[in-house]
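Undergrad: Read off the chains here:
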Amino acid sequence: MADLTQLLENEVFMAFASYTTIILSKMMLMSPATAFYRLTRKVFANPEDCESFGKGENAKKYLRTDDSVERVRRAHLNDLENIVPFVGIGLLYSLSGPDLSTALLHFRLFVGARIYHTIAYLTPLPQPNRALAFFVGYGVTLSMAYRLLKTGFYL
Amino acid sequence: MADLTQLLENEVFMAFASYTTIILSKMMLMSPATAFYRLTRKVFANPEDCESFGKGENAKKYLRTDDSVERVRRAHLNDLENIVPFVGIGLLYSLSGPDLSTALLHFRLFVGARIYHTIAYLTPLPQPNRALAFFVGYGVTLSMAYRLLKTGFYL
Amino acid sequence: MADLTQLLENEVFMAFASYTTIILSKMMLMSPATAFYRLTRKVFANPEDCESFGKGENAKKYLRTDDSVERVRRAHLNDLENIVPFVGIGLLYSLSGPDLSTALLHFRLFVGARIYHTIAYLTPLPQPNRALAFFVGYGVTLSMAYRLLKTGFYL
Chain D
50 MADLTQLLEN
60 EVFMAFASYT
70 TIILSKMMLM
80 SPATAFYRLT
90 RKVFANPEDC
100 ESFGKGENAK
110 KYLRTDDSVE
120 RVRRAHLNDL
130 ENIVPFVGIG
140 LLYSLSGPDL
150 STALLHFRLF
160 VGARIYHTIA
170 YLTPLPQPNR
180 ALAFFVGYGV
190 TLSMAYRLLK
200 TGFYL
Chain R
50 MADLTQLLEN
60 EVFMAFASYT
70 TIILSKMMLM
80 SPATAFYRLT
90 RKVFANPEDC
100 ESFGKGENAK
110 KYLRTDDSVE
120 RVRRAHLNDL
130 ENIVPFVGIG
140 LLYSLSGPDL
150 STALLHFRLF
160 VGARIYHTIA
170 YLTPLPQPNR
180 ALAFFVGYGV
190 TLSMAYRLLK
200 TGFYL
Chain Z
50 MADLTQLLEN
60 EVFMAFASYT
70 TIILSKMMLM
80 SPATAFYRLT
90 RKVFANPEDC
100 ESFGKGENAK
110 KYLRTDDSVE
120 RVRRAHLNDL
130 ENIVPFVGIG
140 LLYSLSGPDL
150 STALLHFRLF
160 VGARIYHTIA
170 YLTPLPQPNR
180 ALAFFVGYGV
190 TLSMAYRLLK
200 TGFYL
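Protein chains in written order, with the working numbering: chain D, 50 to 204; chain R, 50 to 204; chain Z, 50 to 204.
Treat the hints with care, as some may be off.
Claimed, not checked - The list that follows gives simulated cross-link-like pairs (lysine-lysine, DSSO-like), each with its CA atoms no further than 27 Å apart:
{"hint": "1", "chain 1": "Z", "residue 1": "Lys75", "chain 2": "R", "residue 2": "Lys75"}
{"hint": "2", "chain 1": "Z", "residue 1": "Lys91", "chain 2": "D", "residue 2": "Lys75"}
{"hint": "3", "chain 1": "R", "residue 1": "Lys110", "chain 2": "D", "residue 2": "Lys109"}
Hints are computed from structural coordinates only; laboratory data are not their basis. Quick caveat, the model's predicted, so the values are computed rather than measured.
When you get a sec, could you build the whole thing from the sequences and use the hints?
TA: Quick look at the structure:
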């Protein structure tokens with residue numbers, strides 16, 4: 050167990066663990082957000098989900114799409130598309146021995162940008178709020194990927 | 050190599066590796082499941098996929114959506130949305146030195162809940178079968194995230 | 050820090066880090082590809098995204114779907130569905146002490162197959178180009194999962 054304990058005594062890895070936990074938990078909030086819009090607007094994707102509102106033909110009117118629900122789903126998918134590369138590349142970056150201050154800058158910018166992205170998507174704020182939030186997060190991940198491949202690679 | 054071997058001698062990490070491999074393999078089964086429904090119902094998303102069924106105008110009638118295909122695709126996306134946080138948070142949780150029995154309880158509940166979720170989605174079973182399966186898996190991941198952030202964090 | 054340095058001195062892990070960084074960066078390219086098709090074809094999903102093209106009723110005509118945009122989005126989602134299991138299972142596989150040459154064969158085949166999959170999807174090339182690329186990547190991940198569970202598991 051000595052090695053594992055040492056891993057979490059490494060400050061960069063510890064910071065990565067904290068920010069990753071926060072941003073993955075934020076992403077998970079998109080599921081109840083979708084459920085909230087589905088229930089309040091009575092918009093469902095599956096017949097078995099709206100049985101309590103009416104049976105048979107009567108239930109079919111709830112099987113539709115809604116702008117607010119689709120908006121949350123797009124925000125959720127955009128999170129997946131961007132947080133997956135951050136977690137994968139960020140884990141390897143954290144193990145490659147970067148400066149603590151540089152690593153913290155990357156993690157903080159990414160987490161801040163993705164939280165702002167969600168706010169900008171769901172409010173919605175006028176563009177380019179969402180676009181800028183997207184590009185900051187995107188740039189952080191690319192910067193970590195660049196640093197990783199520069200440190201040395203084995204192909 | 051000594052450290053790596055030690056990592057896989059750690060029982061919690063070993064259990065995490067096993068359950069993660071199982072649940073990611075289960076998620077991968079959703080791709081052939083989608084292909085099965087697409088082929089048996091002749092429902093395609095791309096013109097090049099249904100060329101063997103007919104060319105030109107004749108092929109266009111296969112470019113449509115189908116309830117069963119959309120159902121499998123929703124189940125697949127729901128897997129992605131929930132298994133990604135489990136793998137990311139679970140990896141860090143496994144390295145934070147939890148009790149073996151507590152960790153096993155988390156991993157087993159999650160994997161069981163997600164397998165049941167897929168069965169409930171594809172059968173489909175009446176609600177709240179799928180909702181309960183979803184919330185068990187969701188709760189397990191949040192519980193690991195809470196434990197991680199309580200163990201100590203670096204922001 | 051000694052352990053972390055040792056981790057990146059392990060050749061298999063180093064190779065995994067390089068190939069994962071490459072394939073996750075490739076997946077990230079799907080976002081600007083989607084944006085490119087959205088802007089050149091003037092096809093948007095959100096009203097706030099096309100405000101510069103016209104306000105109010107005039108903007109609504111840009112809120113539509115387009116075959117090219119949907120094609121890139123499907124390719125992106127297929128990447129997510131396949132690269133997530135590769136990264137998760139591949140990380141654990143890399144830590145399980147495989148032969149360097151076997152591991153390299155897995156990583157190279159997967160990365161090559163997924164790059165070819167994207168080319169086949171976006172060109173589009175006639176089937177079975179895309180299907181074969183999909184199955185090569187799928188088989189590589191399953192082969193790593195099999196090797197992992199065979200090495201020993203803890204349930």
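Undergrad: Against each hint, give a clear statement of whether it holds in the structure.
TA: Results for each hint:
1. Z:Lys75 x R:Lys75: At roughly 25 Å apart (the allowed maximum being 27 Å), lysine 75 (chain R) and lysine 75 (chain Z) satisfy the hint.
2. Z:Lys91 x D:Lys75: 31 Å, violated
3. R:Lys110 x D:Lys109: 25 Å, holds
The structure shown violates just one earlier hint, number 2.
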